[in-house]
Amino acid sequence: MKFKSDIDIDFANRDQILALLKHTSASIIKDDKLTKHNTGVYFTNIPVDPFTGLSNVEYHTAEERGYLKLDFLNVGVYQQIRDEDHLTQLLNQSPNWAKLYDQKFCEQLIHIGNHYDTLINMPEAVTSIPRMAMLLSVIRPAKRHLIGQNWEEIAKTVWQKPNDDSYFFKKSHAVAYAHLVVVHMNLLTNAEDVINRFVEQE
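Under the working numbering, the first residue of the sequence shown carries the number 2, and numbering increases by one thereafter.
Keep in mind that the hints were calculated from the coordinates and are not lab data.
C-beta: ideal position from N, C-alpha, C; glycine also.
Just so you know, not all the hints are guaranteed correct.
Stated by the list, open to error - Calculated cross-link-like contacts (lysine to aspartate or glutamate; reagent style EDC-like; alpha-carbon spacing at most 16 angstroms):
#  : residue 1 : residue 2
1  : K34       : D50
2  : K162      : D7
3  : K37       : E59
4  : K172      : D9
5  : K37       : D50
6  : K105      : E193
7  : K100      : D118
8  : K37       : D72
9  : K34       : E59
10 : K172      : D50
11 : K171      : D9
12 : K105      : D118
13 : K23       : D72
14 : K37       : D16
15 : K100      : E193
Said to hold, decoys possible - Cβ-Cβ distance ranges computed for the label pairs, FRET-style:
#  : residue 1 : residue 2 : range
16 : G54       : E153      : 50 to 60 angstroms
17 : N151      : L88       : 31 to 41 angstroms
18 : N57       : Q109      : 37 to 47 angstroms
19 : G54       : Y168      : 27 to 37 angstroms
Let the hints inform the model, and build the full structure from the sequences given.
Have a look at this one:
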């Protein structure tokens with residue numbers, strides 16, 4: 002039975018949690034050989050290569066056979082977060098959306114740092130989580146044709162699955178990534194505020 006999974010879980014350091022959990026690393030074919038998948042792991046029984054300790058079923062084939070792969074991702078932004086309360090505070094803090102249009106600030110941000118040109122080519126400003134999510138989607142190949150349109154027009158088709166296999170963002174992923182961009186914006190802004198207050202006191 003084919004089981005289509007696309008579950009990503011972000012960590013400050015994935016190795017710390019994996020050291021505590023019995024798991025098998027997924028495998029991927031590179032240069033005609035099975036090698037370790039960068040992020041995928043299994044927590045259910047799956048055939049294992051006795052020499053490498055990796056799954057001996059390539060992850061696409063494993064998915065066809067019904068094995069559930071989880072992707073554990075390292076996200077450096079989380080290393081700056083002290084605890085759950087700190088994360089909640091950053092999520093609830095209203096970001097200064099105008100700072101996105103400061104190129105030096107924007108280029109520091111996770112996920113959009115290399116896409117300042119796309120940001121400024123949008124006819125309407127990014128001023129909310131939904132708009133940030135749509136921006137993150139239109140920089141993917143399947144939706145690049147939407148760049149330059151207004152948000153109302155983009156919203157009509159941006160979450161539709163393309164007819165071909167071109168890469169696109171599911172809405173759930175884009176919204177989650179948009180929240181992380183906001184968290185990073187607030188981390189950078191708060192750090193700037195601390196520095197500015199220190200300078201003023203000198």
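Hint check:
1. K34 x D50: holds, 12 angstroms
2. K162 x D7: Distance of about 14 angstroms is within 16 angstroms: holds.
3. K37 x E59: It holds: about 10 angstroms lies between the C-alpha atoms, which stays within 16 angstroms.
4. K172 x D9: At roughly 14 angstroms apart (the allowed maximum being 16 angstroms), D9 and K172 satisfy the hint.
5. K37 x D50: It holds: about 11 angstroms lies between the C-alpha atoms, which stays within 16 angstroms.
6. K105 x E193: Holds: K105 and E193 sit about 13 angstroms apart, inside 16 angstroms.
7. K100 x D118: holds, 15 angstroms
8. K37 x D72: Distance ~13 angstroms between K37 and D72 Cα, so the pair holds.
9. K34 x E59: holds, 10 angstroms
10. K172 x D50: violated, 36 angstroms
11. K171 x D9: holds, 12 angstroms
12. K105 x D118: holds, 12 angstroms
13. K23 x D72: Holds, at about 15 angstroms.
14. K37 x D16: Within the cut-off at roughly 15 angstroms; holds.
15. K100 x E193: The hint holds at about 12 angstroms.
16. G54 x E153: 50 to 60 angstroms: Once the Cβ atoms are compared, 51 angstroms apart, the range 50 to 60 angstroms for E153 and G54 holds.
17. N151 x L88: 31 to 41 angstroms: Holds: the Cβ-Cβ distance is about 32 angstroms, inside 31 to 41 angstroms.
18. N57 x Q109: 37 to 47 angstroms: Roughly 42 angstroms apart at Cβ, these two residues keep to the hinted range, so it holds.
19. G54 x Y168: 27 to 37 angstroms: holds, 30 angstroms
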